[in-house]
Structures are given as C-alpha cells and as structure tokens.
Amino acid sequence: MKRKHKRLLFVALGILILAAAASLILFAFKDNIVFFLSPTEITEKSKKNEISPQQRLRIGGLVEKGSLTKGVINRFKVTDLNKSIIVEFKGLLPDLFREGQGIVAEGRYNNAVFTASEVLAKHDETYMPPEVAEALKRSGKWKPTLEK
Amino acid sequence: MIVEIGHFSLVLALFIAGLQGTLPIIGAHQNNHSLMAVATPAAIIQFILILGSFIALTYAFLVSDFSVINVASNSHTEKPTLYKISGVWGNHEGSMLLFALIIAGYGAAIAVFGKNLRPTLKVRILGVQALIGTGILAFILLTSNPFLRLTPAPVNGKGLNPLLQDPGLAFHPPLLYLGYVGLSLTFSFAVAALIEGRVDAAWARWVRPWTLAAWGFLTGGIVLGSWWAYYELGWGGWWFWDPVENASFMPWLAATALLHSAIVSEKRDGLKAWTIFLAIIAFGLSLLGTFLVRSGVITSVHAFASDPTRGVFILLLLIVTIGGAFILFAWRGPTLKGAGLFQPVSREGGLVINNFLLTVAAASILLGTLYPLFIDVLKLGKVSVGAPYFESVFVPMMIPMIAIMGLAPLLKWKRGDFKTAIEKLKFAIALSVIGGLFVWILIDRASAFTSLGMTISLWLLTATLTELAGRIKLFRSSLRESINQLFRQTRASWGMTLAHAGLAIAIAGITASSSWKVESIQIMKFGDQVNVAGYNYTLKHVREIQGPNYKALRGTFIVNKGDDINWVLEPEKRFYTDPVMTTTEAAIRPTFLGDLYAVVGDRDEKSGGYITRIYFNPLVPWMWTGAIIMVLGAGISLTDRRHRVGAPSSNKIPAPGIPAE
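Sequence lines, in order, name chains A and B. The opening residue of the first sequence carries number 1 in this note's numbering; numbering runs sequentially from there. The opening residue of the second sequence carries number 1001 in this note's numbering; numbering runs sequentially from there.
In short, the hints are calculated from the structure, not lab data. One or more of the hints may lead you astray.
[What the hints assert, rightly or not] With a cut-off of at most 20 Å between alpha-carbon atoms, the simulated EDC-like pairs for lysine to aspartate or glutamate come out as follows:
hint, chain 1, residue 1, chain 2, residue 2
1, A, Lys65, B, Asp1604
2, A, Lys6, B, Glu1605
3, A, Lys45, A, Glu134
4, A, Lys70, B, Asp1578
5, B, Lys1158, B, Asp1578
6, A, Lys90, B, Glu1196
7, A, Lys70, B, Asp1604
8, A, Lys77, B, Asp1602
9, B, Lys1382, A, Glu99
No experiment lies behind these values; they were computed from the predicted model shown.
Isolated chain A, as found in the complex (with noise of 0.2 Å):
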C-alpha cells in the first residue's frame, strides 16, 4: 500500500469509529435525558396527563418541615412554596439531608407519589443546587436570602 492509501484507510476507519459513537451518542440521548420539573409543573402536567408512569424525571425544591417520616421507606414532601409533591424513598437518605433544605430527587411519578431511586444533597451544606434555585423562581417565591 502506497502511503496515501494507508492515510486513506486510517481516515475511513476513523470516519467508523466517529460514526458509530455518534449513533451510539444520539441513541443514549434519545432513552436517557431526564428532564428536570419543579413540584408545581409536576402537579400541572399530572392534570393534563402529560407524565407517564415510566419516564424519569428529577424534582427539586426544598424539604417541607415536618413531612418528614422515616422508616425503610422514607416518606417526605417536597415544595416549591407553592405545591408540594410527596417523595418516597426506599434506603437510607443522605447525611446532608434536612428538613427545610434544597434536595433533588430522581424517579418516577406515579398515583400523586413521586418514587425516587436517588437523593441528592450537597456536600457542603451552604450549597444550593442550581435546579432548586430554579423551581423556585419558577413558583415566584425565591428569596435572595435562600442562598447563603
């Protein structure tokens, strides 16, 4: 093979592997982005059966006092200050988890229940996550006090 053919079949076999991982890529894309909704949208959607039982979605906002049961299923409320939406988590919540703190959860939402296979809580505890930041100015009752 003269130097110019041997260029040519590295180009052709790069041009297969950049094809197959932008198959790969859109494939993956198209089944696993989860879209982000706050308690509000949920609750709307819900009415206009907008939400299937299957798809995952992540909430967030914050811990709403006193909801809070824990057990094996750990059962609590999630509000944006304006609806609220109840979470069960089966396992054991994170230990930055708190009462009147911003969380996110990922799962499905079905029959009124948000049923979240993960918690999110920050490391460091000042730290409000972006997504529930978010939901709040979303529901029109952040205050620029929430964020430490």
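Following the hints, position chain B against chain A.
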C-alpha cells in the same frame, strides 16, 4: 506577621512568574542569552516563594489563626492535626494555592533536572509553564485570596466539612492536582515545541516520563476519590458519573492516549502532530474540569459553593490558554511531518486506533457532561444526563479498545503480522471465550453483558501474560533461561505488563460489582438476624461513643458463615457539631470474592429498631487491587534508567523488535 509574609511572597511570585513567562521566550526568539538565563533561577525562586506562601498558610491553620478568613471558615481548634493540615487544601482558596505550588514545582523540577535539554527548548518550556502559573496566581490574588484578614477575629472557626475529615480525602486533592498539573508540564512541552517548530525523539523522550508521572498521580487520585465515595457515602457505589468525576476522568483518558502516542513519537518518530494535539487537549480538559468544579455551572454533589466571577476568570484562562495553543498548532502543526511509516496492521496501527477510541470516548463524556449546560443556555428546559447515558456510550467503545489492547503488543513495529499474532494468542482466545461461557452458563444472574465483561477481562489478562511469556521465551527455551530472561526485562516493559494486567483485574471487579451486587435494607432490633449473600448478620447492639470532635452511634454486627467465620462489623453514624453535620462510616470487610458492607442508620421510632443497610459487593477488592497494580506499573516504569537519561543518548533510536512498552 507570618501570614503577611506568605501573602507578600505570593505577590512576589506573581511578578517573578510574569518575568519568567516573557523574558526567556523573547530571549530564545532573539537568541539573547542573558534574557534566556532568567528562566532557570526564576523558576526556582518562584517555586520557593509559593512554597513559603503555602507554608505560611499551613502555619495559620496549625496555630488556628482565626483572624484569617480562610482559617476561620474552614478550621476549628478541636480538629485533629492531620485535618488541620488537610484543611489547607480542603477549601477553594487553599486548593488553588496548592495548584499554583504544584505548577511551580514541576517548573522548578525542569529547571533543576533539565540540564540536558536543548537550551532554547528548556527556557521556552519554563516560559510557557510560568505563563500558566501567572494566570493561576493572578486568579488567586484577584478572586480567591486565602490570606485575607478578618476583624474582629472569631473565638473559634466554623470547622472543616466533616465529610472531608477522612484520611482518604485528605490525600485525594494533592494526588489529583499532581496529575492535573503534571499535564500542564506536557502542555508546556508541546507549546514550546510548536514555538520552536521542532519535535524529535529527544523531545518525546522527555515528554514520556512526565506524562507517565502525571498519569500515575491522576490514576491514584481518581481511585482514592472513588474509594472514599465507596466507604464514606454509604451507598455501596464507587462511581456515579457525576460531572465532577467526569471532570477528572476526561483528562485521564486523554493522558492515557498521550502516554501511548508519545511512545510512538519517541521510538518510531511518528504521530508527532497527534502527540502535540493530545498534550494540548489533556491539559485543556484539566482546566475545563477546574472550571466545572469551581464555577457552579453544573449540579454536582461535589461542587464548591459557587462564585460567578471565579467561573468567568477560569473560563477566560481556559480560552486564552487552549485557544492560543490551538492557533499555534494550526500554524505550526502542518510542518511536523512524522518519519515513521507504518502498515495498518502494526503496533503503531493498534496504538492509533486505541488513541482514537480513547479520544472519542473522552469526547462523548464531554458531550454528556456539558449537554445540560447547552440546553439550559438555549432555554430548552432543565435536563440531566445520568449514568445510563454514560454507561451505554462508554462501555461499547471500550470493548474494541480492550480487544486491540491485548493484541497490539504482540504485533511488530512498522509491519505486523495478524496471523502470527493470532496464532500466539490462540490459548488466550480459547481461555477467555471458555471463561465467558462458564460465567454465562454456571453463574446465576449473569447477563450477556456480564459474560462479555468477564471475557474481555480474561482476554486482556491472558493476552498480556502471553506477550510477557513470548518475551521471556517461556516453553521455547529452558525454564532457567526463561527465569533469567524474566529478570532481564526492562522496567518500562514491566510497567506495561503491570498496567495492562491491573486493568484486566479491575475490569473483572467492575463487571462483577455492577452485576451481582446484593442489597438488603431493613429495620433490625438487637438480636435480629438477616442473611445477605450467604452471610448471617446479627445486630448485637448500637452504642453511643465519643470521638475526638464528634459523637457517634456505633452498631455492632456479628457476621457468621459456617463454623469458621465469626467477624465483627462496626459501622458508625457520626454527629459533628462544628459544623453541624452527620456522616456515615460504613464498615467493610474485604474477602477474596467481595466486600461485606454494613451501614447503620437512624432509629425507627415505631419499632425501636435501627434501619440498617447491608450489601455484598462482589469483587470490589479486585477493582482496588487492579488500580493499585496500574499505579505500581507507572511507578516501576518511571524508575527505568532509560527514562532518566536525557538528551545526550537521543540519537540512538532503538531498532525494531525491541520489547514493547
């Protein structure tokens, strides 16, 4: 007083770095030796100044000088000494100072050990390194100064985040920075070579050990972080595809590619432009990681509290550094013609394909990490891209890569023979296929994915050992001769064998732990028993204990299996008061086949029992062992005498057929 000296020497270091970043580069251009002579002493003085500054901050932490804002916000008198020291880099400002210290440290190392480097190349490297340092030092002094005072000084500090009060995490940042910043040096090498318009084997010979060192530190840092997450967060997981984890993983992939393409540049005088390109990309990804972690643009469990000005500054630094390097690359790159011609089926060919796969994998992770940001900027909603995306994109790309990784070392440089290599590997092929089928048929809960994972793990291990056996002429000469040969292998070739075998072992661990994890969550009263993966756990009691700066609930589990095993597992839930926070300390008992992992949680008011979470995490110890072997491989390779020999022997290009590295 000492704090002011520290502050002052940091300002001085900025000026020295500014001089070091300009005068020698101008000098090298004009062939002005007195300007060029600035570089070496400046690099050493700059390092000493930043070191002084770092020691001053450490001193402030040790004596708990709460008149310094940084100390007051991150330390406390009752904290153990180790965590007073690690508190220095356990916060944004201090960690940036450590970052600057390491940049200057690598520069000083080149100033001292780079005697054999071509003088113009050396001063250009030191110049570029100092320019990066100037950017970081300016960033520290303008936006993140750790020496600012606080009046009146509080009686006590706010304390360090208890999650960071952990031996694993005390050393995670320094290792990670040694890795990240090590890539700044290879970047400086690349830019200096572009300015000079010359990339030769001597250049590549210098780049290789520094890339290897950076790669080893980066691997160690990532693994330490992952290990910490595994035992500290109490979820039994060790990798979450969190943006901040990705931020360290992308430079690692690029550094791995760079490590291998630098071999081709050194040994075969080829892939020069590609090596330069990778060196720029690798450091670019390190800077991008720094930006993602510190700007707060992306939701992550690890993010520092955010400050927009810092984000903008780092973004600017990123654009100037990487943009500048790419412009230079576009201008000078085309002149870098490689001499090493090779056939597609050759060791170079394999390395090229794997380099490409690694780079594309890094790019796909980058896309997934930044995608939520794009969508947000375009006002299309808030989305997140989680583990399922990364797993379904990354894993399929790694399968062909590992297939080639086993094969390529058995191909000759320049022109390999596919048939001969396959002939040599028939035992490895048979063994890995049989192993995969064995897993598929005989083990419960084995999916096609699990069997495939085990097959490629076995393939990589057996192919790596086959390659070693071929080099020592095992079964082709007497056993004694083979053993003699074994001891005569170069350290660099041991590095390859160990790193590849280590990865194989780690892959087995990764596959098993993600396929066969057993989890059990329940409420247990004292005396209650639960069986997890064949082990019987009895909760004996939960007691309150007093630690140095925390109180804790310590659960005691008795673990039985048959008559021989009678272990005690004691997980804790700790309550810190400065700052107020609880942490989980999982109790882990490693066995050959997996980790026994127990966590004790809150008391259940209704039943009076405790919520417990028990896992069996199969082959997780293999993963850590494999990773340690990989780092060990990097370390052994670094001690190879040929890596330490500088330029003088550079015209001696080894003949084809020399052992793989």
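Going through the hints against the structure:
1. A:Lys65 with B:Asp1604: 19 Å, holds
2. A:Lys6 with B:Glu1605: 72 Å, violated
3. A:Lys45 with A:Glu134: 18 Å, holds
4. A:Lys70 with B:Asp1578: 25 Å, violated
5. B:Lys1158 with B:Asp1578: 6 Å, holds
6. A:Lys90 with B:Glu1196: Between lysine 90 of chain A and glutamate 1196 of chain B the Cα gap is close to 61 Å, so the pair fails against 20 Å, i.e. violated.
7. A:Lys70 with B:Asp1604: It holds: about 7 Å lies between the C-alpha atoms, which stays within 20 Å.
8. A:Lys77 with B:Asp1602: Holds, at about 19 Å.
9. B:Lys1382 with A:Glu99: 24 Å, violated
Of the numbered hints given earlier, the model fails hints 2, 4, 6, 9; all others are met.
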